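From just these sequences and the hints, can you work out the full model?
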Amino acid sequence: MEDEEMEKKVQQYLQRKGFRLTELALQEERNRLSTSANSDVALARSDNDPARYHDGYSRLRTWAYSSLDQYKHELLRVLYPVFIHIFMDLVAEGHMQEARSFFHTFREDHEVMHSRDLQKLEGVLSPSHLEEMELARSFRKNKFKIKLCEYSYELLLQYLQKTQALVVLGVINEHITFEVSAGQPSLISDDADVVALIGTSKDLAKQINQKEVHWGLLEDSVEERMEKALAESDKIEAESKDADAEDNKKRNAEGGKQGASLKKAKKDKLVGATGKNVRTETSMVSVAPRVKPELTLPATPVEVEQSILEDLRNRAQLSSVALPSVSFYTFVNTHNGLNCSSISHDGSLVVGGFSDSSVKVWDMSKIGQPAKMSSSQSENGSSQGERISTLDEGKRTYTLFQGHSGPVYSAAFSPFGDFLLSSSSDSTIRLWSTKLNANLVCYKGHNYPVWDVQFSPVGHYFASASHDRTARIWSMDKIQPLRIMAGHLSDVDCVQWHVNCNYIATGSSDKTVRLWDVQTGECIRMFIGHRSMVLSLAMSPDGRYMASGDEDGTIMIWDLSTGRCVSPLLGHSSCVWTLAFSCEGALLASGSADCTVKLWDVASSTKTLKTEDVKGSSANRLRLLKALPTKSTPVYSLRFSRRNLLFASGALSLSSS
Amino acid sequence: MSIVPKETIEVIAQSVGIPSLGADVAVALAPDVEYRLREIMQESIKCMRHAKRTVLTVDDVDSALGLRNVEPVYGFASGDPLRFKRAVGHKDLFYLDDREVDFKEIIEAPLPKAPLDTSVVAHWLAIEGVQPAIPENPAIDAIVPPTENKRSEHGKDDGLPVDVKLPVKHVLSKELQMYFDKIAELTMSRSDTSLFKEALVSLAKDSGLHPLVPYFSYFIADEVTRSLGDLPVLFALMRVVQSLLRNPHIHIEPYLHQLMPSMITCIVAKRLGHRLSDNHWELRDFSANLVASVCRRFGHVYHNLQNRLTKTLIHAFLDPAKSLTQHYGAVQGISALGPSAIRLLLLPNLVTYMQLLEPELQLEKQKNEMKRKEAWCVYGALLCAAGKCLYDRLKLFPGLLSPSTRPLLRSNKRVLTNNPNKRKSSTNLSATQPPLKKMATDATANSMASASMGGNMQGAMDGFWNQLANPGVMQVSSSGQMESIPSAAIRRDQGSDLAQRVSAVLRQAWKEDQDTGHLLGSLYEVFGEAIFSFVQPPEISLFV
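In order, the protein sequences belong to chains A and B.
Per numbering that gives the first Met the number 0, the very first residue in the first sequence carries number 0; after that it's consecutive.
Per numbering that gives the first Met the number 0, the very first residue in the second sequence carries number 0; after that it's consecutive.
No wet-lab data here; the hints were simulated from the structure.
Be aware that a few hints might be false.
[Said to hold, decoys possible] To give an idea of the interface, some chain B residues facing chain A are shown, with a C-beta separation under 8 Å as derived from the structure:
1. LYS51
2. PRO114
3. VAL119
4. TRP123
[To be verified] The list that follows gives simulated cross-link-like pairs (lysine-lysine, DSS-like), each with its CA atoms no further than 30 Å apart:
5. LYS8(A) <-> LYS5(B)
6. LYS146(A) <-> LYS5(B)
7. LYS7(A) <-> LYS5(B)
8. LYS196(B) <-> LYS181(B)
9. LYS630(A) <-> LYS112(B)
10. LYS5(B) <-> LYS16(A)
11. LYS181(B) <-> LYS365(A)
12. LYS625(A) <-> LYS173(B)
13. LYS5(B) <-> LYS161(A)
14. LYS204(B) <-> LYS630(A)
15. LYS173(B) <-> LYS630(A)
16. LYS173(B) <-> LYS365(A)
17. LYS112(B) <-> LYS365(A)
18. LYS196(B) <-> LYS112(B)
19. LYS630(A) <-> LYS196(B)
20. LYS630(A) <-> LYS181(B)
21. LYS204(B) <-> LYS625(A)
Just so you know, these numbers come straight off a predicted model, no measurement behind them.
In this text, a Cβ means the ideal position worked out from N, Cα and C, and glycines have one as well.
Pasting the structure below:
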């Protein structure tokens, strides 16, 4: 009786003081005592069995990795101290064999952050070593401090309590102190010393980023042939005026300070200069290394190639002084149902994916005439009745594709506009023909909603990103995926092809962007820096840079070869839904939920990079050239046509009415 | 500690038919419930993002539940964002307003219109980086000041300051031209249609109309001078002006100088409309308010704006050669500018003017009914203005009424005691009515008493007074006039010294510290009983 009373009092005391861990330990010990009284055998087994250490740790690990995204990185911090102490416990108890196997099973997790410590600890082979070794002693003596937010701490306690993970609980009790802070969890990128997510630790990223990336353009592409032809025709001219061009180039490179005034003063001269400058720029692009395709690429039909060449010849040269024209396609009467939209490469087709699982395609070249007619009629004084009747005459202005059984989250046109892919929450991807207006293939492979699907720059292949944390590579003629890219710790939200088709980039809810080798399926780059879910990606046409936009409105430009952020672009106040590089890579356009299209100067950044080469990111390297607000339309997708006309689309959303 | 307390679990348990849940069960369930909630929230936010929205909807939660293999929650589906209402008395408790709907109502209700089908419209968001000012684009922030300092900097850099401004050629897009033509046509010929109303709304709201403002101001100025005889057109033009003034995207200041003369014309022109039946009074009132609103909005930018306006108005008012309609317009114009303008400009001249006006008011002296009508209109406007001013004074300084005014009010008492019985009955009747209305009924009662005196005039007056915008106040004034005629007659008998005293007081009216009692008294002398309708009951009680 006395004992029980005493225990109660102790418990009350602990409760009052908030010593929750101690309280838990007490309870568990009591349970253990009572069970051990009942079955001595079980106790003996469980007490001596070194396997329970292994089990306990691996269960904790699995649990931490499958916890909520927001709190995951904090919970993962607990793993390292637990790992070390379990190992030392095993050694101390003399289970050498088990200790070693335990160490080798899980050392990978911590290799990156703590390789030094691990190397030292690896040498610990007997209990006596523990005494001798400085490091081990200091681990034993001192307690680890781990910062957690309130809720992460609570989650951890719940887990320990529920699973009766005695071993782990013991270790945590003995060797870890928690600093619990109220409010939101800290940001990954804020702590330098956290283990964080397995991949997201900066060192691992560094290690991964050591791998080679051939970011060059494809050999023998249409563009290259075009340039060759151009170069030949211009050769004589270029040679004669070489010095002049050089001069202009230099002056331009010296930058905006004097540049602007010069440009105003000598405008006509400058027009010529920019022309030449751009020429040199494009030749600079062509200087970009050429790589062989790793995939067998489909052949381009001749007439398509002709039209592309035609487009290239008529391409408007864009730069910081020559901004593009923007044509905006506004979806009206969507009733909040439009999930995504996409525009074909020539801007003539627009597709919308709807939450009622329909896909609708508008042919803007055809829609032009009847729309004009109706508008002129209404302006001539006819009332609404007539407008409706014209609508009735034309019936539907779009082609309706039905087949999905869940909200459509993404749609993409093939480079030549003859095929259309759509992905849906029914976990399938469907291929449609815009010529036949019919569904051709349904690709089943993902187990969860497919968030994004993108055609490769040459067509035929496509990549998908899904809630099942994988990205997959497909080809149009096979219903099974060719590659599965696994490694992201949360949903893969967006995917984008590299221009040379050898790589894909994926953006994820785990706040990282990764670059994958299509041939091997390996992750070869990891880009850390975003503070929230990555929503959009774009590759520069020279293949060297990548832009990514996130939920907070931050856009980052990454250098693919170094894996570093060239510059963060701050300006949007809400989700960046879409990004697009202009065709010669001078401008980056971004579209956001804050109802603006913004144009950023990329050309200046690459030039300064050339001259200064290795210098960290400076804030003003990429500047905002222009913000184009829409009336009340969030921008869902952007597309530079081959002639450098910018197309944008979005659904009109009137918030107040 | 956790967001979900165990009491919540108990409540939920009860709601699903488990009356008594073990305390430890609730404690164990609560954290798990919270975890599941957070999980669902995380997933539904993902779904929301992929549907490219920034507002969470029921569908997102449903699809998140679907992802976790949980049956969706039925019965909340809604295309629009949910409207939560705050529970009374709780700071952070919200609920969805869930109305009970009668089946019968739904069945009998006419079928709703089919929602419009989705369509795509294209427009130019930018042309070579510059946003065209079309209605599809948002308004450009009211003309960005030219970057002159930048230019001068460049000049320094260059050593050759090139600052030659070429004449800007104004290019108007075809759409805008059509828009302008349409508006002009509507204004000129079909201002009574509902389409014109829509056009006004468009004028008041659309961005991208700025390029048209010079054309509109020219059009208005031109048409006002040309169609002084056509009242509907003038009215429509003034409405266009009003809409333009209201449009937040238009930078109208540079064009005010063109618009103001037209507006003032519509206030003080001698003749507006060519028919006798034309109700030009309303137009004058409307324009007066319009001009006053302009003064209020831009007065601080252009200091002489109001000065010039008042000069024009007072000139029209004080010139006896001008017609009564012009006087009316001037009075309305001044009175729209506010009580201080009335005090400063109207009151000092009131007595003199009344002497001018009085003969016009009386049946015996002015045989032309039209003229008499006009005179009464002016009288009403003056009364209104004076009353407004008085009301304002009383509101500002309620304590200013001093008992020293008592002696002046002998006649008042006399009038009031004329009909004590009727007064009582009407007071009973109007017990629940607002004070002003009450006064109105009182006054009506009074006028009934003197109806035999007013006689035939009553009928004639009612006819046109009813057309005026504010029947409540006008009723008062009209009935007040009935009263004042006899009393004015009496007053004149009493001698001219009183008149002089009154005019002296009124001349002092602009002074801030002027005794309001004196003012009231003097105004009573001029207008008689009617002026009391502008005084609130507590002050009235001082006199009665």
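Outcome of the hint check:
no. : hint                    : result
1   : LYS51                   : holds, 5 Å
2   : PRO114                  : holds, 6 Å
3   : VAL119                  : holds, 5 Å
4   : TRP123                  : holds, 6 Å
5   : LYS8(A) <-> LYS5(B)     : holds, 24 Å
6   : LYS146(A) <-> LYS5(B)   : holds, 27 Å
7   : LYS7(A) <-> LYS5(B)     : holds, 22 Å
8   : LYS196(B) <-> LYS181(B) : holds, 13 Å
9   : LYS630(A) <-> LYS112(B) : holds, 27 Å
10  : LYS5(B) <-> LYS16(A)    : holds, 21 Å
11  : LYS181(B) <-> LYS365(A) : holds, 28 Å
12  : LYS625(A) <-> LYS173(B) : holds, 26 Å
13  : LYS5(B) <-> LYS161(A)   : holds, 17 Å
14  : LYS204(B) <-> LYS630(A) : holds, 13 Å
15  : LYS173(B) <-> LYS630(A) : holds, 21 Å
16  : LYS173(B) <-> LYS365(A) : holds, 22 Å
17  : LYS112(B) <-> LYS365(A) : holds, 28 Å
18  : LYS196(B) <-> LYS112(B) : holds, 24 Å
19  : LYS630(A) <-> LYS196(B) : holds, 24 Å
20  : LYS630(A) <-> LYS181(B) : holds, 24 Å
21  : LYS204(B) <-> LYS625(A) : holds, 26 Å
Going through the hint list in order, the structure satisfies each hint without exception.
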